[in-house]
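Just so you know, the sequences run in chain order G and Z. For reference, each letter of the first sequence is one residue, going 26 to 345 in the working numbering. For reference, each letter of the second sequence is one residue, going 26 to 345 in the working numbering.
A hint or two may mislead.
[Stated by the list, open to error] Below, computed lysine-lysine pairings styled on BS3-like, alpha-carbon distance capped at 30 Å: (1) G/K218 with Z/K341; (2) Z/K151 with G/K247; (3) G/K341 with Z/K274; (4) Z/K341 with G/K197; (5) G/K341 with Z/K197.
[To be verified] One-sided and incomplete, this derived list gives chain Z residues near chain G with beta-carbon spacing under 7 Å: (6) S193; (7) F194; (8) F300; (9) R307; (10) M308; (11) A327; (12) L331; (13) G332; (14) D333; (15) G335; (16) F336.
Think of the hints as simulated: they come from the structure by calculation, not from any bench. From the three backbone atoms N, C-alpha and C, an ideal C-beta is built for every residue, glycine too.
Each chain is listed here by its residues.
2 protein chains.
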Amino acid sequence: MVELTGILLLKQSPREARSSLQAREGQKERAPWDEAGPGTPSPGRAQPSGDYQHFLKPRFPVSNARSSALAKSSLTSKMDAGLFKASLAVNCRNRREPLALINLKKKNEETGEEELASRLDHCKAKATRHIFLIRHSQYNLDGRADKDRTLTPLGREQAELTGHRLASFGLKFDQIIHSSMTRATETTEIISKHLPGVKKISTDLLREGAPIEPDPPVSHWKPEAVQYYEDGARIEAAFRNFIHRADVKQEEDSYEIFVCHANVIRYIVCRALQFPPEGWLRMSLNNGSITHLVIRPNGRVALRTLGDTGFMPPDKITRT
Amino acid sequence: MVELTGILLLKQSPREARSSLQAREGQKERAPWDEAGPGTPSPGRAQPSGDYQHFLKPRFPVSNARSSALAKSSLTSKMDAGLFKASLAVNCRNRREPLALINLKKKNEETGEEELASRLDHCKAKATRHIFLIRHSQYNLDGRADKDRTLTPLGREQAELTGHRLASFGLKFDQIIHSSMTRATETTEIISKHLPGVKKISTDLLREGAPIEPDPPVSHWKPEAVQYYEDGARIEAAFRNFIHRADVKQEEDSYEIFVCHANVIRYIVCRALQFPPEGWLRMSLNNGSITHLVIRPNGRVALRTLGDTGFMPPDKITRT
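Bound conformation, chain G alone (with noise of 0.2 Å):
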């Protein structure tokens, strides 16, 4: 049985599903930025609201000449023809079906349509990622430079109480991903005191910014619209490049640390649940708190806990 989660999820006819993806598709000139007029940031989300779509970054390159072999392919005699290239086709511009990752062409002329299914399970995904979000402790506000905003004293306890946190689960970590500003780097070094030989990564996906104008706004930040313009797309990158199922050669359940900021978290749980994006600022994160995200590998996203910092003593928890 061919499991095609694109299509079970749509919850809509055939016929509604192709004239909701005309429609997206003549929405995808209409983004919500350009009627705001000109200069207004774009934080470049590529997925339709609305939908849940579980997703998946594959690792080979497809083209769009897949999608019209598909509508003539025996299979699609099965089903719908309009609502599988309907699908196949918006998944296939964002690369996120297994069965895109598939020759169907070849599969046409020479071997038939039984072994479709084992060519697609080599496709798939098999592991399942838990995902550890942590934000930095408290940091020197005062600092002119993000090199001179270093933890503060409190800021070091508290990462030493993250990182035996961790430790006391007991986990195989594979690795801890790490923004490369100071005070993440700094509680990072901290934290990986207590998981040694767990390799560390810096990158600047995971540098704090402005990802998104929030709704309701707030008063006492107001970035420039070219903030939310670099920085969100900069953010948004962040979460496709991490935030996705396991790779199909991963065979065992993967546990990754990433050290970042709070308004980067906020963003990709938002996105990795597929709320609104917009909302993220209606969540708080503590300093040095936990957030752990599953992804399964079917797609399917679980938030288990978000900014849990029970393991500090009350006294030490802040969240400036």
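Following the hints, position chain Z against chain G.
Here is chain Z on its own, set in the frame of chain G:
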């Protein structure tokens, strides 16, 4: 300066606000469950999706006559009458706007505009409410009826840890409201030993159930449509009754504990943050976990932590 929160948050031009209001009024006859056919569950949600609104549950009934009086008042000459009326009409129907609590007709004839601000002050919340949503601890899943589904020994340990954690905050808790189901009642009994003198109130509104069909669905849990129909309305009622701004008479911040169930808590969090409620099953809550919501006087809601069990040793954490 009159603070008209509903208006300040509207991102549309007056013409768009008017037409979107008319569209919403038209849509009221075509609720999602109507489209799907008879017998489909109606969760009874009044709030339109997609527009973030600060919300209030006022204590006074409001008639629609006020909205037409308002359209004629001199106040509206200072702002677009259509925008004002559109916002207020929606919020008056939902009884959500402080301005709806004032008899403007009386104001127009007698006192003039200057007194409006001070009279509005008397109708606005002043204090913050802190809501701690606790999921009951581990219980005996094999019990045949609710009275047999008592806490396991581990569940009792978890409740002790949760009670200890809540007590360690050093807060003056106002009350503990708990679901009338056995496992929630038992969890409350244990927690309240750590919080002597805090009154306990039992309610059927917070009993576990099926709030709304989740998206994406799960294969291992498929309630009957009638469960969504009945439970959905009740759990929505729990949200509306318990999650609102502080009463206008409340002077100091309050700290309230709600001991209930995973589905109820997750649904409440989605509704409080104005995320799509069908996304409630994208979150997962440990037994005995603490979820902390903050409701500001102006109606802004923040999620401080979700499913926090950092105060439990990892080997005591369960999710069943």
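Hint by hint, here is what the structure shows:
Among the hinted pairs, G/K218 with Z/K341 is consistent with the structure: their alpha-carbon atoms are about 25 Å apart, no more than 30 Å. Distance check on the hinted pair: Z/K151 and G/K247 sit about 25 Å apart at the alpha-carbon level, within 30 Å; holds. Pair hint G/K341 plus Z/K274 does not hold up; C-alpha atoms about 33 Å apart against a cutoff of 30 Å. Among the hinted pairs, Z/K341 with G/K197 is consistent with the structure: their alpha-carbon atoms are about 19 Å apart, no more than 30 Å.
For a cut-off of 30 Å, the pair hint linking G/K341 to Z/K197 stands: about 19 Å separates their Cα positions. Contact between Z/S193 and chain G, as hinted, is supported at the beta carbon level, the nearest pair being about 6 Å apart and thus within 7 Å. Because the beta carbon of Z/F194 sits about 5 Å from the nearest beta carbon in chain G, less than 7 Å, this interface hint is met. The closest approach between the C-beta of Z/F300 and any C-beta of chain G is roughly 5 Å, which is under the 7 Å cut-off, so the hint is satisfied.
The beta carbon of Z/R307 is positioned within 7 Å of a beta carbon in chain G (closest approach about 5 Å), and the interface hint is therefore held. At its closest, the beta carbon of Z/M308 sits 5 Å from a beta carbon of chain G; the interface hint therefore holds under the 7 Å criterion. Checking Z/A327 against chain G by beta carbon gives a least distance of about 5 Å; that is within 7 Å, so the hint holds. Contact between Z/L331 and chain G, as hinted, is supported at the beta carbon level, the nearest pair being about 4 Å apart and thus within 7 Å.
Evaluation of the Z/G332 hint against chain G yields a held restraint, the C-beta minimum of about 4 Å falling below 7 Å. Residue-level restraint check for Z/D333 holds (minimum Cβ-Cβ distance to chain G is 5 Å; threshold 7 Å). At about 3 Å, the closest approach between the beta carbon of Z/G335 and any beta carbon in chain G falls short of 7 Å, and the interface hint on this residue holds. Proximity of Z/F336 to chain G holds as hinted, the smallest CB-CB distance being about 4 Å (cut-off 7 Å).
Checked against the numbered hints listed earlier, the structure breaks hint 3 alone; every other hint is satisfied.
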